[in-house]
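K.L.:
The task is simple: from the sequences and hints, build the whole structure.
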Amino acid sequence: MELQGSIIIVLCIFLYISYTCPFAQRTWIARNYKGLQDKIKLVPISVQDRLAWYKEKVYSANKVPALEHNGKVLDPAKKEYGEQLLTHVDTFTKDVFTSFKGDPVKEADPAFDYLENALQKFDDGPFFLGQFSLVDIAYIPFVERFQIYFHELSET
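Position 49 of the sequence shown, counting from 1, maps to 49 under the working numbering, and the rest follow consecutively.
Calculated directly from the structure, the hints in this document are not laboratory data.
Check the hints yourself; a few may be wrong.
[Unchecked claim] Under the rule of at most 20 Å between Cα atoms (straight-line distance), these lysine to aspartate or glutamate pairs were calculated in the EDC-like manner:
1) K121 with D109
2) K78 with D123
3) K94 with E83
4) K101 with D136
5) K41 with D75
6) K78 with E155
7) K79 with D124
8) K79 with D123
P.N.:
Right under this line is the structure:
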């Protein structure tokens, strides 16, 4: 077999768990159920004797489970916050559309303040969770349209 001119990509995915942690055990079970034992390497960590490098290099909250993909740890806080933002989309659009009945600029301010604060929560990119995600897809079409509407209001 000749590989001349080919590029070999090696994915490094590590799942840090504690054998005694039920939360970590759920991710371990899901990994095994999906048949990902060959793709995701299990790294057992002792909850009592966690090494300093784990908190510093892997997960600053010093908890398990943690999933590392190509040297980058995927933050469960972002996932939780993303889910929270997704449940807020309907509230956001309802609040802004309702504001059209009164003083739109004044009444829509809290809805947009919520988004401004959400955008500042993670300081690692221009998007809600740092990188482009489903959360951005959920909000962008409405924010773009509202921007045009409010711009037109300010011109009149």
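K.L.:
Holds or violated: K79 and D123, Cα atoms, limit 20 Å.
P.N.:
The hint holds at about 15 Å.
K.L.:
Under the criterion that the straight-line Cα-Cα distance not exceed 20 Å, is the pair K41, D75 satisfied?
P.N.:
18 Å, holds
K.L.:
Checking one constraint from the list: CA of K79 to CA of D124, max 20 Å. Satisfied?
P.N.:
Within the cut-off at roughly 15 Å; holds.
K.L.:
Given the hint that K78 pairs with D123, does the C-alpha gap stay at or below 20 Å?
P.N.:
12 Å, holds
K.L.:
If you draw a straight line from the CA of K101 to the CA of D136, is it 20 Å or shorter?
P.N.:
Violated, at about 27 Å.
K.L.:
Between K121 and D109, does the CA-CA distance stay at or below 20 Å?
P.N.:
Satisfied, since the Cα-Cα distance of roughly 19 Å is no more than 20 Å.
K.L.:
Taken at face value, is the distance from the CA of E83 to the CA of K94 at most 20 Å?
P.N.:
18 Å, holds
K.L.:
Would you check the hint for K78 and E155, treating anything up to 20 Å between C-alpha atoms as holding?
P.N.:
Violated - the C-alpha atoms of E155 and K78 are around 38 Å apart, more than 20 Å.
Of the numbered hints given earlier, the model fails hints 4 and 6; all others are met.
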